[in-house]
Amino acid sequence: MTEVMTTTVALPLSLDDKISKNTVQEKVIDIDNLPSPSFDRSVDDLTLEEKLDILSGVNFTHTNGVPRLGVPPLKVVDTITGVKGSEHFHTPTLCFPSATCMGATWNVDLLSQIGTKLALQAKSKSAQVLLGPVLNLHRDPRGGRNFESFSEDPLLAGELAASMVNAIQAGGVATCPKHFVGNESETKRRFHNVAESLDGRTMREVYLAAWQVMLRKSKPAAIMTAYNKVDGLFCSENPKLIKDVLRGEWAYDGALMSDWYGTRSGVPALNAGLDLEMPGPTIHRSSAILEKIKSGELNISVLNQRAARVLELVKQTKESYSEEEETSLVDEDANLLARRVATEGIVLLQNRKSVLPLRKTQRLAVIGSQATNPSISGGGSAAAPPQYLQRPIDNIRALSADPKNVQTANGVKVHNVIPLIPVPQIFARDGSNGINVRYFNNGSDQPVIDEIHPAPAAVMFGRIRDGLKPEAFHYEISTTVIPKTTGLHAIGARTTGSCVVKVNSKEVAQKTMVGIEVEDFLFRPKNLEVLAQVQMTAGVPYFVDLIVQPHKPSFATGEPIIHSAMLCYMEEYSDNDAIAEAVAIAKEADVTLIFAGRTPEHESEGFDAQDMSLPASQVKMIKAVAAASRRSVLVLSCGNPIDVQDFVEDVDAVLNAHFLGQEGGSALAEILYGEASPSGKLAVSWPKTLKDSPSYSYYPATENDRGSWEMTCGEGVGMGYRHDWTPRTLQWPFGFGLSYTNFEISSLQVSRSIASVVPEDVEIIIEANVSNTGSVDGSEVVQVYIEDVASSVSRPQKELKGFKKIGVAAGKSEKVSITLKDRYAFSFWDESTKMWKCEAGQFKIHVGDLTEIVVVDQDFFWSGL
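Quick note on numbering: full-length UniProt numbering labels position 26 of the sequence shown as 26, and the sequence is numbered without any gaps.
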């Protein structure tokens with residue numbers, strides 16, 4: 001039986017948009033007649049050419065195998081929130097909540113359970129390597145990929161990541177945590193330099209520390225390097241980062257792969273230790289490398305080392321190797337787990353007048369599009385198509401004593417870009433729903449291709465259609481649009497090439513596209529948008545014509561060329577009318593639930609936000625609805641902190657709902673009605689305004705007078721909760737979260753093991769009683785912070801050094817025990833010795849409001865994990 005592996009490209013569309021297969025260019029690789037899979041080959045079995053081949057990808061999701069010997073390719077897929085297959089937006093998958101929600105659970109055991117289920121999901125996609133988790137930290141509220149990361153704290157992030165890595169790999173699937181290191185910003189991510197020394201305290205105590213914690217407790221089979229530079233060198237070819245720190249100090253011996261198109265060189269990357277260039281076909285590992293070996297510029301031993309690590313990765317993942325087609329694995333236990341993760345991660349930030357939990361007999365007004373069309377994830381490579389989508393409005397009604405008591409209004413629109421034209425409103429020349437697409441070589445009036453697409457998009461990724469002349473062609477999209485309403489409607493396009501938009505043969509808009517990158521197509525559709533306002537009448541047909549020129553990148557990146565055009569349309573509507581409708585139903589309700597926040601159009605891979613504010617229309621709606629309500633609850637969907645200053649005093653309760661995955665509707669309803677008590681704790685500090693963030697003046701990268709993009713971590717080790725916050729600058733602190741019950745921590749006891757000949761191996765045992773003094777069952781997170789009373793260097797006032805989540809029944813008490821080591825609890829990075837140093841003296845241990853003092857008798861130094 002012939003198996004064909006294909007790669008298709010994820011289009012930046014909503015989950016409801018349907019793009020026909022003929023809009024996506026596929027690379028088809030026939031691997032028929034392979035020998036039986038062989039997982040135990042050594043480097044000595046390979047020819048020189050084969051050694052080089054296996055060090056790069058063959059397409060977006062597969063590496064090169066060795067067909068002659070039966071060494072199979074590896075299939076690598078995203079991500080920990082939803083395991084995608086080769087056809088990123090075609091095969092549905094189980095979608096867990098975002099990593100920020102996972103981080104807010106503070107539950108190491110729960111992350112292990114997620115990992116077990118992710119391994120099964122990866123196997124259903126016939127994948128051997130899962131690209132994740134993300135170990136980058138929440139440095140700034142504008143970070144585009146923060147929703148993919150667990151926390152601002154390296155200990156919390158590292159512990160959660162290690163638990164997940166261990167569970168996934170116990171299931172036979174390799175993990176590839178990313179992005180090593182310093183990729184906390186998306187702005188010019190492939191070019192900017194993080195100008196910080198790898199032997200400085202900032203890198204060691206914060207950014208590298210998350211990886212150090214993870215590697216201390218787990219051994220991921222692979223690690224992905226970051227796009228950016230650190231201390232002047234790209235991470236993928238940085239010998240100080242790879243050889244000295246990762247391979248040397250930490251003795252990591254797994255495979256190292258690049259981010260997609262993140263390999264910047266041939267020989268330097270190989271010498272530094274980058275094993276695998278992704279994706280394929282290769283850019284930097286062509287036959288020219290063989291010439292470097294023959295000339296002596298590259299030692300053959302380097303190629304052997306890289307090939308050996310790739311072969312070891314193939315061997316480690318043989319349990320998950322499959323030649324079956326990818327499927328969507330339906331796992332009811334995993335669905336329940338996804339709900340539990342969402343429930344445990346939701347954070348109750350405010351609950352005045354005890355408005356929550358709701359009573360099932362109350363009349364409710366549910367306002368906002370997130371209640372009917374929820375954002376289950378941020379955008380980019382972490383976004384995956386769910387197996388189903390729960391609408392919070394449906395789950396809320398299901399728990400109400402009378403569903404008729406729950407009224408709803410959509411509220412204001414939350415689009416950041418104009419959506420595609422709805423398919424039912426467009427008609428091709430033959431009368432079918434769709435568009436006509438014609439491709440022309442320049443100078444010819446006769447189309448090379450004339451076809452109908454059933455969706456308003458045409459895409460050529462990586463190659464052009466047969467018969468077209470490279471860079472000497474154009475294409476035209478035409479359709480008839482029939483408006484549903486009369487008004488001044490927005491109509492236009494998102495294109496990768498310069499374009500002209502015509503309505504009824506009259507030019508209404510045009511745009512010259514300069515400097516467009518593939519990442520604009522994948523992640524930044526706003527940069528491709530060209531729009532016009534056209535007065536249109538309901539029921540009247542309008543002929544729309546779009547002429548598009550080829551995409552011409554401003555410089556070569558090695559990425560495929562992308563030719564894309566999508567027709568966009570939105571009929572006129574009034575924010576004021578939408579708000580008036582919401583206010584009207586809010587006045588009749590006992591409690592109003594206001595759903596607001598962000599979507600994948602606002603938080604996504606590929607760009608950083610400009611601010612931490614909600615759109616003005618949302619703020620206006622929240623204030624107006626809250627003013628008209630007897631009681632109000634604000635439900636925020638987001639991966640980043642939001643500036644709530646304009647409305648936080650107007651609402652009674654606030655829930656941080658993150659992006660909740662496919663079971664988010666049930667989880668939210670259970671929290672709202674008290675079926676579960678909130679137990680989520682913030683894994684990131686919420687500043688009151690953007691300017692209050694310690695990273696504000698140093699983020700993101702800016703262009704210097706030499707034309708290079710550079711960023712410093714000017715806040716140093718004072719990132720996140722380590723900053724000197726005041727009530728004026730901090731809205732909600734790291735580790736904060738309310739509950740429907742009350743907890744008391746008492747009887748704190750701290751003991752230490754008898755000092756051995758190795759003082760840094762002394763253990764600290766921290767014990768306390770946790771009592772639930774309320775009337776409902778709940779869970780509490782016991783957080784252990786260390787304060788260095790008198791240090792020779794400036795240190796944060798408190799640093800998280802241990803934590804444990806514990807469930808306690810109403811009226812009961814449970815004992816919790818947390819064990820630390822002196823070396824991890826008390827040390828700081830000493831820049832003069834380039835080692836970790838613990839100074840003799842007093843240290844305060846803080847657990848809740850309780851404090852104990854520990855004394856270290858003598859200085860000591862240590863290195864490694």
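Certain hints may be false.
Stated by the list, open to error - Restraint ranges, calculated between C-beta atoms of paired labels, are given here:
| # | residue 1 | residue 2 | range |
| --- | --- | --- | --- |
| 1 | Glu297 | Ser197 | 49 to 59 Å |
| 2 | Glu332 | Glu297 | 51 to 61 Å |
| 3 | Thr851 | Ser554 | 57 to 67 Å |
| 4 | Asp859 | Gln797 | 20 to 30 Å |
| 5 | Thr485 | Gly515 | 14 to 24 Å |
Hints in this document: simulated from the structure, not taken from any laboratory. These figures come from a predicted structure and were not determined experimentally. Even for Gly, the Cβ is constructed at its ideal location relative to N, Cα and C.
Tested hints:
Range check, glutamate 297 to serine 197: Cβ separation about 29 Å, and the 49 to 59 Å hint is violated. Against the hinted window of 51 to 61 Å, the Cβ-Cβ separation of glutamate 332 and glutamate 297 comes to about 57 Å, which satisfies the hint. Taking 57 to 67 Å as the suggested C-beta distance range, the pair threonine 851 and serine 554 conforms, at roughly 58 Å. Between aspartate 859 and glutamine 797 the Cβ separation comes to about 22 Å, which falls inside the hinted range of 20 to 30 Å.
Hint check: threonine 485 to glycine 515, Cβ distance near 37 Å, so the stated range 14 to 24 Å is violated.
Consistency with the previously given hints fails for numbers 1 and 5, ordered from lowest to highest.
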